Amino acid sequence: MARPPLPLLLLALGLAAAAKSPYQQVLQHSRLRGRQHGPNVCAVQKLIGTNRKYFTNCKQWYQRKICGKSTVISYECCPGYEKVPGEKGCPAALPLSNIYETLGVVGSATTQLYSDRSNLRPEIEGPGSFTIFAPSNEAWASLSAETLDSLVSNVNIELLNALRYHMVDKRVLTDDLKHGTTLNSMYQNLPIQIHHYPNGIVTVNCARLLKADHHATNGVVHVIDKVIATTTNTIQQIIETEDSLETLRTAVAASDLNSLLESEGQYTLLAPTNEAFEKIPRETLNRILGDPEALRDLLNHHILKSAMCAEAIIAGLTMETLEGTTLDVGCSGEELTLNGKPIIANKDVLATNGVVHFVNELLIPDSAKTLFELAQESEVSKSTDLFRQAGLSSHLTGSERVTLLAPVNDVFKDGLPVIDSNMKNLLLNHIVRDQLSSKYLYHGQKLQTLGDKELRVFVYRNNLCIENACIAAHDKRGRFGTLFSVDKMLTPPTGSVMDVLKADHRFSTLVAAIQSAGLTENLNRPGTFTVFAPTNEAFRAMPQGELNKLMGNAKELANILKFHVADEILVSGAVNALVRLKSMQGDKLEVSMKNHVIHINKEPVAESDIMATNGVIYAVNSVLQPQASRPQERGDEPADPALEIFKQASALSKVSQRNPRLAPVYSRLLARMKENSGGF
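Residue numbers (the working numbering): 1 to 680.
Hints listed in this document are in silico derivations from the structure and should not be mistaken for laboratory results. Note that the structure is a prediction, hence the values are computed from the model and not measured. Just to be clear, a hint being listed does not mean it is correct.
As the list claims (entries may be wrong) - Cβ pair distances, simulated, as ranges:
hint, residue 1, residue 2, range
1, His474, Asp291, 23 to 29 Å
2, Thr50, Val597, 54 to 60 Å
3, Asp176, Glu138, 23 to 29 Å
4, Lys46, Asn119, 22 to 28 Å
5, Gln376, Thr230, 25 to 31 Å
6, Gln448, Gly324, 46 to 52 Å
7, Asp256, His179, 53 to 59 Å
8, Thr397, Ile48, 46 to 52 Å
Glycine included, each C-beta is placed from N, C-alpha and C at the ideal position.
Whenever a hint applies, use it, and build me the whole structure from the sequences.
Written out as structure tokens, the structure reads:
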């Protein structure tokens, strides 16, 4: 038979490797880490101070941690192999015998003993094809005395039934244990729930596989870390029968989630106990319980879209809730954590349609919170104090659809401003009508405030700003309002550029110059100007003769003033490293940020973001000087940069002068340079 081409062979091998289950991938990694100790040796991470062991993946290998706790690396025989005296590693495969004999070899001698006592032994010694999920010796020892007594006191019924529930009447290997599937047990065909997680953890009714795929002549043995019990209740039935979930039961009924929690599926319910509800301020709780939409969001925030057993969590991961948000699920030693807090009181209560973990704190999503609650938990808590002092709390706690532009706490590091009528009006202009989302804002959009001001939206490459204030954090969308954290207090515009300049005594000389140059109308009309406004001090710094000459030449004065104006709005929050603007005079202006100070053409700005209805003003203490004017371009000739190249060249190619096609262009360029510069 012809051998397949090498590329196809490699592809087939790659596909075979890719088809390996997560458990087999982790086991393979453990083999690689243990190979220096001999054949069939696996590296195992053991939690210090416990008997818990894990086959390791690459990330955990380098971190040397499980659930945030330190581990030690040990080396032992991989599943299915054993040591041979005098030889390195684990070169010998375990002897192949029936399931009963295999139980004694793989660390489940107690299961073997109970199989004998319950008369299960003849079945698992005889012919057939079975899979047994065998509890480890430690798993049996961890059962309560009461539970164990009830089993061993009636070995022919209770113990036999319990063992048969751990069995399946076919051979099932780890590659066959698919996530979210069920297997029919040999006890009344009751289902066993299988979860095979991406991190390589496999659970059976939330018991973790410790040693898997031990082959026997009549089946396969998997050792698990718990004695599993039958489950017949749905999540909804667990809620209805647990006294500690009485408040949750009432809330679920009020939100019509009963049918979901009774339906087929694989969910994780983070069930708030009565104690969790009692920790919430009564006013807040009553508001949520009385608001069907907020209540539904609250409960959906406690339901994960997939079943997550505690044993599968060996590091932090983010999980999506039915509400559409995410929760950080992690662990710290033996404790599970939610958003970094160890609030899970009882874990792995198994249901037919998922798993329930009892939590002793209520997880309130943003969508069920008021603006005031959102702000109090964010870096804008000082802003809420300011709004409260101004008597504006009702806008942050009611059912009004608004968006709050809340300055971050750093804005008030020198203390909160005094509340007076002007400050109250200013704060009203930080509350925008309608509940917005920043991702849907667009450049030039106009927003109406409760103070009857119109605010403009500016979208830049690196920032999103509303007037002079730029958004400093992701939105927080509450029940009725959205919170925008902004980097400074908003200063709504009060007039045109000319109105603002006239009202500020620092710019009296500039105002006179603008009027003299005939530019008043330009800066009064609607537009989008950025004006770098020289102060009186800037004009005084000029030599008197130069100043007199400038003021006496209207054309030159207009040229200089136009160099201080760009026809687009640039607020300081949009300046990162360097931004270039084209001035109305034609030359470029370079705006940069250095040590948190805006610079224009390397000159520091005295004050930024003086907002006007048709632009923004920066106060500068120097008069900016434009570069020498460049010749105008013509469409049939090379642009001005080409002239500069020709002027700087030490000599022109004689070949280009002789070329019939290039010679006319060269002649015209030479004539223009002589005209503008008097020759080279």
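Numbers of unmet hints, in rising order: Result: hints 4, 5, 6 and 7 break, sorted rising.
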